[in-house]
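Taking the hints as your guide, dock the two standalone chains into a single complex.
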Amino acid sequence: MTSALEFIQFVLAPQMITGLSLGVAVVLVALGLTIIFGLLDVINMAHGEFYAIGAYLALALGAAGINFWLLIVIVPLIMIPLGYVVERGLIQRVFNKPDRHVTTLLLTFGLSLVLEETLKVIFGPNTQRPPTPIPGAIDAFGIIMPNYRLFLILLGFSIIIAVALIVNRTALGAMVRAAAFDRNMAASLGVPASRIYAGTFAFGVALAGLAGVLLAPVFSVFPTMGHDFIFMAFTVVIVGGMGSIGGTVIAGLVLTQVQVLSSLVVSPVWSDPIVFSIMVLVLVLRPQGLFGRMGHA
Amino acid sequence: MLKIDDLHVHYGLSHVIQGISLEAKPGEVVGIFGRNGVGKTTLMKTVAGWVQPSGGTIALDGQSFNGLTPDRICRHGVGFVPEDRRIFPGLSVEENLKLGLMQRRKRSAASDRAAVQGIYDRFPRLAERRRQAGTTLSGGEQQMLAMARVMIGAPRLVLIDEPSEGLAPMIVADIFAIISEMKAAGMIVLLVEQNLAGALAVSDRFYAIERGAVVLAGRTDSSAAREELMRAIAV
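Residue numbers (numbering that gives the first Met the number 0), protein chains in the order written: chain A, 0 to 296; chain B, 0 to 234.
Bound conformation, chain B alone (with noise of 0.2 Å):
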C-alpha cells in the first residue's frame, strides 16, 4: 500500500506541493488529475526520488523511503515512466529494456532470459526492433519501450505521467491496455493523464489537485463524482 502523507515540495522559494495526502493498494490505478502547472509531475518526480520533499512522508508498505536517492527507491519496488519517456539514445531497445532487470531482486541469467523473453512476447514490436537504437522508435513504441522497462522489474508500484501524450488514438488504447495488465497484476499505479476518458476508464478512484493540494478526491465508477471532478478541473 502506498500511502503519502501531509507531502511539502519547494523549488527555492515556490511551494510547489502544499501538504498533499493520498492513499493507494496493491491492484489499483489511481488517477490524479488536475490543469497543467498544479504539481502532478512534480509529485511524480517527488515519490521517485528525483525531488526531495520539504515535508511530510512517503511510504511504500509501511516502509518510508524519505531522503532516498532514485536508484535505493527503485530497489523499493518503485517504477518511473516520466513525461518525456527519457529512452537512453545510446543504448539499443534491449540494452534500455534490460536497464529495467536491476530492480529484480532475486536474479539469475536464466530468470533475466525469462523475463526478457516475456516482455518480447508480450510486445512483438520491440523484439523485432531489438537492436534498434532506442531512439529510432516511434513515439508510441518508445512508449511501449518507456513502460515495458519498468514492467520487466515487477516492481510494486509504477508512477506513469502523461503516457498518451502526443500518440495517435490506436497507440493510446494499447496504452492503457497495458496500464490494466499492471493492475491486474497486482501493482499499484499511479496515473497523471491528459485524456480523462481514457485515464478516467481504466482507474479505479482519482485525486482532482489544484496549486499543489489535492481538492477532490473520489472513485472512477460514482458518475456524481465524475462530474464534480470534471467540475474542479475544467479550464
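Okay, chain A solo, but in the shape it has when bound (with noise of 0.2 Å):
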C-alpha cells in the first residue's frame, strides 16, 4: 500500500504534471496551426519559426530591458503584422491556384528554411535560455512543482479559454467560423473574407509568438527549435481533427501524457514513436481527426 502511494506520490504525479505542462505548451503551439489550416486550408510548415521568431524576440526585447510581463504583450503584438504581411504577401498570391494544397505547403515550407536560417545569422547557432521569470517552486503533498510550470499551466489554460470564447461565442469568430465553412456566401453577406483570412493568419502566427515567450524559458532558445515542437503540434492538429480548437486541445493533452506515462513502462526513447504511431492510426481509421473542423457541425 506504502510503496503503492510512494508510486503515486514520486512517480507517477510528478510524471503528469510534467506531461500536463508539456501539453499546454504543445496546445499553444498547435492552437495556431489549427486555426489557420481550419479557416484557410493552408498547412503553415513555418508555424514552428514563428514560434522560435516569438522566443528569439522574447529574448533580444528582454536583454534590451524589457521585462517579462511586458513580452507577453508585446512580442504577440509584433508578430500579428508579421502574419499579416506574410499572409497577404505570399499565401494569397498562390491562394487561388488549382494546386493549393501543395502549393501553399511547399511555399511555407520554403518560408521556413528562410526564417530558420536568418535566425541563425542573426542570433548565431548556439542555444541560449531567458531566465525564469518565476523562480523557485512549491511543495503540494509532497510533489514538487516549480512555479513557472503552474504558471504555465494556468496561463495556457486561460489563453486556450480565451481563443476558444472569441472563435466560438463572438461575432468576430462567427465570421470566421462562416468564413471558414463557405467563403463566397460568407462575402456575399458582407463578411470581408480576404480581411478575415489575413487577420486570422496573423492569429495564428501572434499564438505561436506568445508561446515562444511562454515556452523559452522552460526549453531554451535556437535557431532549429521550432522543429522540436512542431512535430508534436502536427500530430496534435491532425489526431484531434484540422481545425477543431476542442481536439487540438483534448489531443494536445491526453497523446502528450501517452509520450510521459508510456516512459514509466517502456524504455522513454520507445515515446515518441509511439505517439507518432497514434498520428499514423488516426490517418488511417479517420483522416478527418477525431473531432470535426472548424466551422462544420
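Derived from the structure by calculation, the hints contain no laboratory data. Watch out, some of these pointers could steer you wrong.
[What the hints assert, rightly or not] Short, incomplete list of chain A residues facing chain B, as computed with Cβ under 10 Å:
id : residue
1  : Glu116
2  : Asn167
3  : Ala173
4  : Met174
5  : Arg176
6  : Ala177
7  : Ala179
8  : Ala185
9  : Ser187
10 : Leu188
11 : Gly189
12 : Arg194
Glycine is no exception: its CB is placed at the ideal position from the N, C-alpha and C atoms.
Below, the structure is given as C-alpha cells:
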C-alpha cells in the first residue's frame, strides 16, 4: 500500500504534471496551426519558425531591458503585422491556384527555411536560455512543482479558453467560422473574407509568437527550436481534427500524457514512436481526426 | 435600378452566358426562366460576384460592380439567396442571421437588436430555434433563414435562386409571400424558379433564357406573353 502511494507521489504524479505542462505548451503552439488550417485550408509549415521568432524576440527585447510581463503583450503584437504581411504577400498570391494545398505547403516550407537560416545569421547557432521569470517551486502533498511550470499551465489554459471564446462566442468568431466553411457565402453576406483570412493567419502567428515567449524559459532558444515542437503540434492537430480547437486541446493533453507515461512502462526512446504511431493510425482510420473541423457541424 | 448589359461568362472554353441584357426596377420581381443548364444560376452567381464575367457590365443605380469581390458587391446592396441555401452548419440560427447585419450601413447595437427582433417577429420559428445549429432546421426553415439572413441587411437587390426546390407546398406559399414582402419593401428581386405558376404569380416581368441568351422577355400580366413563355421553355 505504502509503495503504491509512494509510486503515485514520487513517480506518477510528477510525471503527469510534467506531461500537463508539456501538453499545454504543445497546445499553445498547435492552436495557431489548427486555426490557420481550419480557416484557410493551409498547412503552415513555417509555424514552428514563427514560434522561434517569438522566442528570439523575447530574448532580444528581454536583453534590452523589457520585462517578461510586457513581453507577453508586446511580442504577439509585433507578430500580428508579420503574419498579416506573410498572408497577404505570399499565401494569397498562390491561394486561388488549382493545386493550392501543395503550393502553400511548399511555400510555407520554403519560408520556414528562410526564417530558420535568418535566425541563425542574426542570433548565431548556439542555444540560449532566458532566466526563469518566476523562480522557485512549491511543494504540494510532497509533489515538487516549479512555479513557472504551474504558471504556464494556468496561463496556458486561460489563453486556450480565451481563444475558444473568441472563436465560438463572438461576432468576429462567427465570421471566421462562416468564412472557414463557405468563403463565397460569407462574403455575399458582407464578411470581408480576404481581411478575415489575413487577420486569422496573423492571429495564429501571434499565438505561435506568444508560445515562443512563454516556452523559451523552459525549453531554451535555438534556431531549430521550431522543429522540436512542430512535429508534436502537427500530430496533435491531425489527431484532434484539423481546425478543431477542442480536438487540439484534448489531443494535445492526451498525447503528451501518453508520451510521458509510456516512458514509465517502456524505455523513453519509444515514447515518440508510440505517439507518432497514434497519428498514423488516426490518419488511416479517421483521416478527418477525432473531432470535427472549424465551421463544420 | 439594376441594369445588366451584354453580359458574357466563360467557364474555360465553355461560353455559358452569351450576351445577356436585362433591367429591373425597385419594387419589381423579375423572373428568370429556362430549362436546366441554360445559365440561370451562373447569371445569379455572376451578379453576386462568385463568378467573374468575361464581358459586359452589371450596374445597380448606375454604379458598376464589375470585378468586385462578393463582399464589396454585398455592400453595394446586393443580397444573395443561393440555390442550396448555404446555411453555415457550425453557426447557430442567430449567428447565421446576424451575419446578414454586415450589409447594413449605419449600424448601432440598438439598430442591430431592432433588426433581429423584426426578423424574429416575422419568423417566430426562427426565434424559437435561435440557439440551434442552422443545419438542424428543416429544409423549409433553412430556406426561411436564408431569406431572413438577406432581408435583415435591407438590400436594394435580392437574387433568389430556386427557393422552392424540394419544399412542401405549404412552405412554398410562405416563400412566395416573403418575396412579395421584399417587393413591397421596394427591393428589386431577381428570381430563378422552376415552379412556374408560383413564380409567375409573384413576378411582374420575366426573361426566358436559352443557351445563355435571352430569347423572350415580357410582362406576366399579359396572357399572350405567358403562353409564349410556356412554349419557349417547354421541354
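Broken hints, by number: 1
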